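K.L.:
Protein sequence lines correspond, in order, to chains D and Y.
Numbers 8 to 114, taken from the working numbering, label the letters of the first sequence in order.
Numbers 167 to 289, taken from the working numbering, label the letters of the second sequence in order.
Just so you know, these hints were derived from the structure itself, not from any lab.
Please note that a few of the clues may not be correct.
What follows is a set of in silico ranges between Cβ atoms, one per label pair, in the way DEER data are often shown [claimed, not checked]: (1) D:Ser60 - Y:Ser289: 19 to 27 Å; (2) D:Gln86 - Y:Thr221: 24 to 32 Å; (3) Y:Val168 - D:Gln86: 19 to 27 Å; (4) Y:Pro207 - D:Asp24: 26 to 34 Å.
Computed from a predicted structure; not experimentally measured.
Just so you know, even glycine gets a beta-carbon here, dropped at the ideal spot from N, CA and C.
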Amino acid sequence: DIQMTQSPSSLSASVGDRVTITCRASQSISSYLNWYQQKPGKAPKLLIYAASSLQSGVPSRFSGSGSGTDFTLTISSLQPEDFATYYCQQSYITLFTFGPGTKVDIK
Amino acid sequence: EVQLVESGGGLVKPGGSLRLSCAASGFTFSNAWMNWVRQAPGKGLEWVGRIKSKTDGGTTDYAAPVKGRFTISRDDSKNTLYLQMNSLKTEDTAVYYCTTAGQYYDTSGYRHWGQGTLVTVSS
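The task is simple: from the sequences and hints, build the whole structure.
P.N.:
This is the structure in structure tokens:
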């Protein structure tokens with residue numbers, strides 16, 4: 008199975024900050040990497056697919072990059088509604104494992 | 167509008183069984199690969215398993231912790247996905263989500279999620 012790690016596990020930031028979250032795969036997954044946002048008590052929401060493609064309806068302040076084993080999710084200017092937990096997921100090989108998550112909260 | 171509505175969660179004793187359902191609408195269910203993802207209280211997301219469309223073979227895949235105990239099936243005539251859970255353990259306690267990429271390839275991320283149904287395994 009492919010193992011996914013994320014860093015940091017949590018971070019505190021202010022509205023307007025640029026935030027970067029890193030995801031690493033235990034082996035190359037090409038660009039088969041997705042990012043989700045989850046708020047408490049809600050289902051996850053797809054933000055980015057195929058490493059860098061923005062899902063329809065997602066604000067352009069979210070962007071993704073990377074290929075192979077190392078990926079990043081960037082929020083260019085953090086907004087109040089962005090405080091949430093973010094998960095990466097590899098979709099290269101079944102099982103489509105998720106990373107452990109990064110919680111973004113208010114500084 | 168795509169809708170996925172899970173049902174069937176509840177309290178069950180260790181060793182017991184439960185069947186979850188996911189009623190789908192707003193897309194061509196028979197063409198979609200369907201998945202179950204779970205989330206233990208206060209924990210992260212865990213991929214449970216998947217069933218392909220019948221045209222793609224209808225085969226299933228499972229995560230190691232549930233293989234041999236859980237069975238995913240589908241009834242395309244009812245637009246419904248199922249998760250039969252047997253020999254339940256306390257560590258199976260979680261919110262179970264039904265999810266799909268819909269009309270897109272499964273590899274392009276899960277665009278649609280249900281609201282989740284809570285399964286609690288406790289004596």
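K.L.:
Does each hint fit the structure? Answer for all of them.
P.N.:
The hints, checked one at a time:
1. In this structure, Ser60 (chain D) and Ser289 (chain Y) break the distance hint of 19 to 27 Å, their C-beta atoms being roughly 46 Å apart.
2. Separation of Gln86 (chain D) from Thr221 (chain Y) is about 42 Å and departs from the stated range, judged on CB atoms against 24 to 32 Å.
3. For Val168 (chain Y) and Gln86 (chain D), the hinted distance range of 19 to 27 Å is satisfied, since their beta carbons lie about 26 Å from each other.
4. Separated by about 30 Å at the C-beta atoms, Pro207 (chain Y) and Asp24 (chain D) satisfy the suggested range of 26 to 34 Å.
Hint violations for this structure: numbers 1, 2, all remaining hints satisfied.
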